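*Asks:* For the record, the sequence lines run as chains A and B.
In terms of the working numbering, the first sequence opens at residue 1 and continues consecutively.
In terms of the working numbering, the second sequence opens at residue 1001 and continues consecutively.
Read the hints as simulated data drawn from the structure, not as lab findings.
Quantities reported herein were computed from a predicted structural model and do not represent experimental measurements.
Every residue, glycine too, gets a C-beta built ideally from N, C-alpha and C.
Each hint can be trusted.
Some but not every residue of chain B turned toward chain A, in silico, with C-beta under 7 angstroms: (1) C1036; (2) G1039; (3) V1043.
Quick partial rundown of chain A residues pointing at chain B, CB under 10 angstroms, derived from the structure: (4) R12; (5) G57; (6) G58; (7) D254.
Here is how the chains run, residue by residue.
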Amino acid sequence: MPVMRLGYVHVRVTDLDAAINHYSNTLGMKIMHQEGGTVYLKSWDEHDHHSVIIEEGGVGLVKLGYKVTSSDDLAVFEKRIQQFGATSERMSAGENLKTGDGLRVVLPSDHVIELYTDMEYVGTETGTLNPDPWPRDQRGAAVHRLDHALVAAEDPALVERFFYDCLDFRPAERLITDPAQPELIGTWMFCGQTPHDIAVIKGPNGKLHHFAYWLEDWNEVLKAGDVFAMDDVSVDVGPTRHGITRGKTIYFFDPSGNRNEVFTGGYQTGPDFATITWTADQTGKGIFYIGRTLNEAFTTVFT
Amino acid sequence: MQIIRVLPKDLVLPVHQGDTILAALLRGGLSYLYGCRRGGCGVCKADLITGQVSYPAAVSETVLSPEERADRVVLTCRAVPGTDCTVQLRSQVRVAVPFLFDIAQHELVGHHDDQEGVD
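Assemble the whole structure, with the sequences as input and the hints as a guide.
*Replies:* Structure (structure tokens):
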């Protein structure tokens, strides 16, 4: 079976209280557990115990967690990862809070990803029996769920090959220098049926560009923007649309400078999806379809 | 009121109570290259030529190292001037909002008048 989805993002923050306020009050996530300087949060439409982990001290990405269907799958992935030549180690249940057995992998780009089979089931806030479409006690932007992450790599093609060969991800869209002599600048890859579950763009190894939350529609994106103004959130770009993925978006920063995104739209992918290609001369349009210009922060701000 | 002198253009702006260097420059209508504005990326680093700054908000050592601090590198989105300062920016600086720049210059005129009154 394919990898299910991006299950969790673990980031460092310089100021825990400011981060708690951002992720719980501004974005609307629920605090599930706090242990020392580490806080575990969940969005209202997620059923596993947590999807975002914030840890006090520093800034930037600690690791990404991708949920897989079974131990058998994990064994298959482990074998392929070893053949690929990436470093991996088994992790046991409980090593991560409420999280089952898994495999910790260091990507060729130095990022750490964890593949895991189980996380304690908590349930969504609307439940599974005759549910309402959304919970009445929403806060702030009321993000629905984690959606995807974009990381930087000095060699995006190598990381793309890792996800393709080892984990059966497929590229929905690729940004290349020139069709005649194609060198990969960025890749947007899926394991489910959305445009991307991971994306990789040329940049410093080990760094995070952003992680994104799903919202229902353009109106919710606009409302999130209003909330960001009310809460003095540093907004990077948007609301606008991406050419790549066709998504509607706002990029913004958490109080420590980690870039977040609220995202909606896009299209359906799947195993037979025909990969879309963008050329470097159209990068502005690809990233920000309406303004058609990359802001300098897009290519310089990583944490 | 404190003032900040911005090199290489040699522009002078007032610094309001609690303003970071970035906040003072934006209030004064200037623009330069900055990133997250939250101390995470280091894009807005500059060199402090004279004066003292403090950091009321936590700043990661991975963004501004102890060595850089010792070399008087400042993270302009987080550094709050404690005295009059002179700062050398690392990117091009320009007057992006002329009417804000004019207001700031008027404030400085008032500031200088006050100083003369005190003398």
